[in-house]
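Undergrad: Between the sequences and the hints, there should be enough to build the whole structure, so can you do that?
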Amino acid sequence: MTTKAAERRAVHGTGKVYWRRLGAEVRRDKWLYLLLLPGFIYFIVFKYLPMFGIVIAFENYVPASGVLGSQWVGFKWFESFFGFPAWTRYLTNTLILSLMNIVFFFPAPIILALLLNEMMNLRYKKLLQTLLYVPHFISIVIVVSITFVMFGPSGIVFKLTEQVLGRSINYMGSPDTFRWMIIGQTIWKETGWGTIIFLAALTNVDTQLYEAAMVDGAGRMRRLWHITLPAIRSTIVLMLILRMGSVLDTGYDHLILMANPLNRKVSQTLDVFVYEQGIKSGQFSYASAIGLMKSIVSVTLVLASNKIAHLMGEQGLY
Amino acid sequence: MKKLFSLLLALAMLFSMMSFAAADEPFEISVLLPEFPADIDFVMTDNPVLNKIQELTGVKLNIQWGPNSTYSEIFSTTLADANPPMLVSATNARDPQVTNSARGGTFWDLTDAVNDAENYPYLAAGNHSIYNSISVDGHLYGIYRSRAFPRGGIYYRLDVAKEAGFDREVKTIDDLTELAEKLAAVSDDTYALNMCSYTDGTIKVITVAMGAPNTWGVDENGDIYPAHKSPAYLEGLNWLRHLYEIGGIDPNFAQISTSEWDNIERTGKAFMRFDCLDNAHRQQEWFENNAQATEQLFQSVGPVAKADGSISVWPQNEGFAGEILVMKKAVSEEDLPKVLKFLDWCNSPEGQTIINAGLEGLTYDVDADGFRYVPEEKSEEYSKNSQMYHNNVNQLGMGVPGNLENPKARVNRGYTQLRQRYEDLNVELAPYAVLNPCAGLASETQVNFGAQLDPIISDAAVQYIAGLISEDELRAAWDEWADMGGDKMTAEYNEAYHAAHQ
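First to last, the sequence lines map onto chains A and B.
Position one of the first sequence corresponds to residue 7 (my numbering), numbered consecutively onward.
Position one of the second sequence corresponds to residue 63 (my numbering), numbered consecutively onward.
What the hints contain is simulated information worked out from the structure, not anything from laboratory work.
Just so you know, not all the hints are guaranteed correct.
[Claimed, not checked] Chain B stretches covered by chain A per the calculated footprint, using a threshold of three residues with CB under 8 Å from any CB of chain A:
no., region
1, 309-322
2, 503-512
3, 518-528
4, 537-550
[Said to hold, decoys possible] With a Cα cut of at most 25 Å, we get these calculated PhoX-like pairs of lysine-lysine:
no., chain 1, residue 1, chain 2, residue 2
5, B, 331, A, 165
6, B, 403, B, 390
7, A, 271, A, 286
8, A, 286, B, 550
9, A, 300, A, 53
10, A, 271, B, 550
11, B, 390, A, 286
12, A, 300, A, 286
13, B, 403, B, 391
14, B, 291, B, 391
15, A, 286, B, 122
16, A, 82, B, 550
17, B, 122, B, 291
18, A, 271, B, 291
Backbone N, C-alpha and C define an ideal beta-carbon position, used for all residues, glycine too.
TA: This is the structure:
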């Protein structure tokens, strides 16, 4: 990695030299650089300029006074949050849910993609793939409703467990089952869709490698282990790094749909806190402050995991 | 060049003509109102009720509906909207958001308007002590929506209770217990008490009846304490827990949406409710219109005495519920009088009648004595009309000068009898109403963490009622509330209370 940076310096120079060379390059290839312009403007207008709104995290924002007219309060909201004894609960709930997500949901699309890859009948594979994408397009509201119908107290799964176990499990209203229900729903909804990127990576595997391995007498599992998995390893690492960026993101819609007075304690994550403050209580500044804090942690995590990936010899994000 | 110029000129002329035409159009007032579930969708265009309002006032109403179950969310996003409606109905006038936004200049100051009897006679005729109590820093920002006081209470299915062997008036807590137990025993598939995920009102009705304070209490030293510290609060929860144990409450009540609440009674799944008393005659009306009911099916309960003979009642409101705010962003200074004139009209006899009851020949008829009524043969048609054209428009009603409806409703059938009883009960119960001493006071912790702290108490109550946690665990939840900021909130309220009562 360090050599790469040195290489770059050797080619492009440093400091003034670098900028002068860049200027010359831009002048030379101005038409090519012009192609970059729309994208550049898009990022400035829609991504960078709105960031100005972040300042409300340091204000007592009142919509009528506007962003510039509202009272400046500095770090008040951050102090208030860390002064709130329950903030650790919100953080732990977030981390537990995220960790469960990484352990149980993250590998699911990889496994499914590998299974699909082993399919011989192409038409059947295509059909199956299409069917697997369908749940992704179902709104989470519908998914929760379906779960309610099936796992609710008059649902088929509820009745079935009652028959089999002799006691009932309150799937929808118990803090013990809450997280598993969330993970289960996520797996059901997103696994199929998640296979896309891995399947794309799998198409890049050189078929000659398989043929050679077959000649050498390697079985299916051996080919999977020594050819397929190494081939998509960098994709997996890339996805994992990106996933690290959203460790603190649990989303709120799914959780508030599933939450009720019986399981609320485990449903309260940072995103739910932002929702409670911002939308429910109309404390836009408070919500922005917590959101900003989350973003800073996310960026740090992405950079850190990227670094770790580099150290382990992977290409990583950049 | 010449061509372009003439084209521009033509365009300019076209625009000026259009703006001239616009001047003749009615003044449009947009308003955000909460919407309660109905079987038929409200019709916005060619609506006779809205047309009549336009004919009488020259105002074209453009109503934006916010479903009641998520209204608080819609309300807070509307306040931040760049193009909000002109009028916004706030369901809680003491909401910190309202106070905060008012200080930030979100709403028009209406203090002068309600003191201007010449231009706005009906607004000026409102209750000025309520105006004062919802003012922020001495400025009034909204016209309150007056409500019958105390309004909160108990009603039950009269016919089912009679069949179950309870045929007397409920006068004491013991009567109430006996009634609930008998209703619980009616059938395995039905329940005595109708509960849903909104438990606040239900819990307050029973705990206050048992003698607990309403949200906050004042002890003998004149200090503020939270309601759950009162032993009567636990008694109330125990009452509900007992009813739950004997199968008198749907085991899944915590997962039932508020929008289902009415339907549970309509389908005969539950027979008693602790909520707003006026629901008794609303439900009666539904049964008369949809189930050919001719007899009085519901009964509302009067004062319920404790063992020591004392009576206390939870008031659903303080004589008002929320307010109508005028958004500065949407109403220019020159349009403000027009909007205020319209609000004034809404409080006039003519306005109140249309807003509360609809139109003669559409949602009601007038009998020989000059009272409003719904003739038997038209009840279905009028109910349908009401839902399509009128129903939720009543959310625009403020009624600040009191009920000026003309004609008034007739009193005879089951519905109207109950309605009359409702009005009588409000007079009878009002002296027993237990008010929340902290209603108008501010607590920083409540503003910042109310959304996190309040559910600790209410969730624990629900879990306790459902038998999921023991009394010790319930007390542990109260301690948790205290540690997480409840104690701080109590101290803040205490300070504010003492400052206000020096």
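Undergrad: Indicate, hint by hint, whether the structure satisfies it.
TA: These are the hints, each one checked on the structure:
Residues of the region 309-322 of chain B with a Cβ under 8 Å from some Cβ of chain A number 4, which satisfies the need for three, so the listed coverage holds. Counting residues of the region 503-512 of chain B whose beta carbon lies closer than 8 Å to any beta carbon of chain A gives 4, which reaches the threshold of three, so the coverage claim holds. Coverage of the region 518-528 of chain B by chain A holds in this model, with 5 residues showing a Cβ closer than 8 Å to a Cβ of that chain against a need of three. Chain A is given as covering the region 537-550 of chain B, and this holds because 3 residues of the stretch bring a CB closer than 8 Å to a CB of that chain, at least three being needed.
Taking the CA atoms of residue 331 of chain B and residue 165 of chain A, the gap is about 21 Å. The hint holds against a cut of 25 Å. About 16 Å separates the Cα atoms of residue 403 of chain B and residue 390 of chain B, which keeps this hinted pair within 25 Å; it holds. As the CA atoms of residue 271 of chain A and residue 286 of chain A are separated by approximately 18 Å, the hinted pair is consistent with the 25 Å bound. Among the hinted pairs, residue 286 of chain A with residue 550 of chain B is consistent with the structure: their alpha-carbon atoms are about 22 Å apart, no more than 25 Å.
Taking the CA atoms of residue 300 of chain A and residue 53 of chain A, the gap is near 17 Å; set against the 25 Å cutoff, the hint holds. Of the pairs offered as hints, the one joining residue 271 of chain A and residue 550 of chain B holds, with about 21 Å between alpha carbons and a cut-off of 25 Å not exceeded. For the suggested pair residue 390 of chain B and residue 286 of chain A, the alpha carbons sit about 22 Å apart, so the restraint of at most 25 Å is met. For a cut-off of 25 Å, the pair hint linking residue 300 of chain A to residue 286 of chain A stands: about 19 Å separates their Cα positions.
The suggested pairing of residue 403 of chain B with residue 391 of chain B holds, with an alpha-carbon distance near 19 Å, which does not exceed 25 Å. With a C-alpha separation of about 44 Å, the suggested pair residue 291 of chain B and residue 391 of chain B falls outside the 25 Å cut-off, and the hint is violated. Our distance criterion of 25 Å between C-alpha atoms is broken by residue 286 of chain A and residue 122 of chain B, whose separation comes to about 31 Å. For a cut-off of 25 Å, the pair hint linking residue 82 of chain A to residue 550 of chain B stands: about 17 Å separates their Cα positions.
For the given pair, residue 122 of chain B sits about 52 Å from residue 291 of chain B by alpha-carbon distance, which is inconsistent with the 25 Å threshold. Taken as a hint, the residue 271 of chain A and residue 291 of chain B pair is honoured in the structure, with Cα atoms around 22 Å apart against an allowance of 25 Å.
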